[in-house]
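Please build the complete structure, drawing on both the sequences and the hints.
So the sequences go chain by chain: A and B. Mapping of the first sequence onto full-length UniProt numbering: residues 1 to 288, in sequence order. Mapping of the second sequence onto full-length UniProt numbering: residues 1 to 288, in sequence order.
None of these hints come from the bench; they were simulated from the model. Hints should not be assumed to be uniformly reliable.
Label pairs and their computed distance ranges (CB to CB) [said to hold, decoys possible]: (1) 61/A / 190/B: 48 to 56 Å; (2) 244/B / 228/A: 46 to 54 Å; (3) 186/A / 25/B: 55 to 63 Å; (4) 25/A / 142/B: 56 to 64 Å; (5) 186/B / 58/A: 42 to 50 Å; (6) 9/A / 22/B: 41 to 49 Å.
Over 12 Å on every C-beta distance to chain B, these chain A residues come out as not near it, computed from the model [said to hold, decoys possible]: (7) 8; (8) 9; (9) 20; (10) 21; (11) 36; (12) 140; (13) 200; (14) 229; (15) 241; (16) 263; (17) 282.
Per the computed footprint, the stretches of chain A lying under chain B, defined by three or more beta-carbons under 8 Å from a beta-carbon of chain B, are [stated by the list, open to error]: (18) 59-69; (19) 108-119; (20) 124-130; (21) 179-187; (22) 214-221; (23) 248-260; (24) 275-281.
Just so we're clear, the structure is a prediction, and the values are computed from it rather than from any experiment. We put the beta carbon where it would ideally sit given N, CA and C, even for glycine.
Protein chains: 2
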Amino acid sequence: MSEARAETTIGNSEFDRDTALVPRGPGVHDAELSAGWTIFGAVNGGYLLALAGRALAEALPHPDPFTVTAHYLTASRPGPARIRTDVVRTGRTMSTGQASLVQFAEDGSEVERLRVIAGYGDLGALPGDVRTSAKPPSMPPYEECLGTRDASGASDEVAAMLGTTEIAGRLDVRLDPETSGWALGKPSGRGGMRGWLGLADGRAPDPLALLLAVDALPPTAFDLGLSGWVPTIELTAHIRARPAPGPLRVAITTRNLAGGFLEEDAEVWDSADRLVAQSRQLARAPRG
Amino acid sequence: MSEARAETTIGNSEFDRDTALVPRGPGVHDAELSAGWTIFGAVNGGYLLALAGRALAEALPHPDPFTVTAHYLTASRPGPARIRTDVVRTGRTMSTGQASLVQFAEDGSEVERLRVIAGYGDLGALPGDVRTSAKPPSMPPYEECLGTRDASGASDEVAAMLGTTEIAGRLDVRLDPETSGWALGKPSGRGGMRGWLGLADGRAPDPLALLLAVDALPPTAFDLGLSGWVPTIELTAHIRARPAPGPLRVAITTRNLAGGFLEEDAEVWDSADRLVAQSRQLARAPRG
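Structural data, given as structure tokens:
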């Protein structure tokens, strides 16, 4: 991956600065949605999930997201936002909370962007047993995968997409060539997307960054030969372990494109071969 | 499956009577949690999801659940319950709502059992395209699968479990013999559960019954050689099409048992070979 810069740490990185919260009152934080995390000009859903996740970590007695569901109500835009959190229940090992992220109309009224419900716990307190039968995704080494920032040979459509996709500068994505044919006009048709993923400035992954990671690769719809915007209706992520430092591997699959909707199932594996996150989202299929 | 009784229809069945709602005010319904849907004496999570789903269908302008997430906060018991719904957003093709199901402590105070957030739409209005690449689960015909109500040869532990599992009388479950070895003390260790599923009184499936179906089979933990209660923390179900009449096929898999938690991924297929529901839940792994 990119060389980690000496000054980049968890807490001091692009991702941390762009998810910073300003306390405004009990259960209320202000935030600034950064233009650095947009795709097609809209703010990335994983970045929004991480922002809400950070606010919930402030509100709940447990530090780590275990299961987070977001419903994306309206398209977020770069600029000011406010996050309200409510504690639903606190227990000994887990607590449950809700969050609502709003932005502001021209007349100052609030427009809700996403509604979140989440269960939090302490990943560090879990027993060490691992009986995972899933296998890490099979893909070539990082050096043999293709950077999304390298648009040489890409179709005009893909180049135009990358031009409005600021997030490409914040992430270090290297796609398995088997799932990147779409960029050259040759999608595999299988509905998969696999790649190495890191933050471009070298910040190590943590549970909040995993909320970003589950929605950071190009949509599987591209590998199905569809193009255009794939708006997420709902996304649920399970964070199962603190990730080890180093690059993540993300594999996303779509098996049920029907009736104008599709699911995207993501797995995130860390450098220690641990399945650290699983997610599923329901999205509208592009018409293209 | 069981012969459908002439008088059993959608709207007039055990499932419909046991999910009946009594309006109590704007966005408030009373319900009676039936002892008929308990497992180990606790009320089944899919039944609770269907009950909340019915209340949300009353509250929202769209009829069908598209994506429903429930966080199970405390264990529900048979008896009176109240469901409050809130409309989060209404749009042209979809609307979003929340629900809270509570029961009552001895002093009359409310204890919240589950918190739900859901997106609703109109399954009948979706385009007819189906590009599903998933395949229906491979399992023997209904007649060659094993009824959970037939406990002959079952271990004492399984027989005891069935004795406190009233839901076995409400459902017609026939398990694939490959995933029912646990009942005879010989779990496969693979973490799968597959079976035919219907309502015992012959009521045809509908979207609400699919919310029940995703959590109706025995837990995959049994096939992993674990026994005991597998409490659901969170369950998200996507309903993708109205099911055709006739028996459902349900396949559930667990691939990540680690740190004291496991996921259960369910697929529900209808008699027309359509993938009508997908779900994932995060549950605590039994210690056994």
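Hint check results:
1. 61/A / 190/B: 48 to 56 Å: violated, 37 Å
2. 244/B / 228/A: 46 to 54 Å: violated, 31 Å
3. 186/A / 25/B: 55 to 63 Å: Hint holds: Cβ distance 59 Å, inside 55 to 63 Å.
4. 25/A / 142/B: 56 to 64 Å: holds, 59 Å
5. 186/B / 58/A: 42 to 50 Å: Once the Cβ atoms are compared, 49 Å apart, the range 42 to 50 Å for residue 58/A and residue 186/B holds.
6. 9/A / 22/B: 41 to 49 Å: Hint violated: Cβ distance 57 Å, outside 41 to 49 Å.
7. 8: holds, 28 Å
8. 9: holds, 25 Å
9. 20: Non-interface label stands for residue 20/A: nearest chain B Cβ at 26 Å, farther than 12 Å.
10. 21: Its Cβ never comes within 12 Å of chain B, the nearest being 22 Å, so this holds.
11. 36: The claim holds: residue 36/A sits with its nearest Cβ about 27 Å from chain B, beyond 12 Å.
12. 140: holds, 23 Å
13. 200: Correct as stated: the minimum Cβ-Cβ distance to chain B is 29 Å, above 12 Å.
14. 229: holds, 15 Å
15. 241: violated, 6 Å
16. 263: violated, 6 Å
17. 282: About 5 Å separates residue 282/A from the closest Cβ of chain B, which leaves it inside 12 Å; violated.
18. 59-69: Holds: 3 residues of the region 59-69 of chain A have a Cβ under 8 Å from chain B.
19. 108-119: It holds, with 4 qualifying residues against the three required.
20. 124-130: Satisfied; 5 residues make the cut.
21. 179-187: violated (count 0)
22. 214-221: violated (count 0)
23. 248-260: Holds: 7 residues of the region 248-260 of chain A have a Cβ under 8 Å from chain B.
24. 275-281: holds (count 3)
Checked against the numbered hints given earlier, the structure breaks hints 1, 2, 6, 15, 16, 17, 21, 22 and satisfies all the rest.
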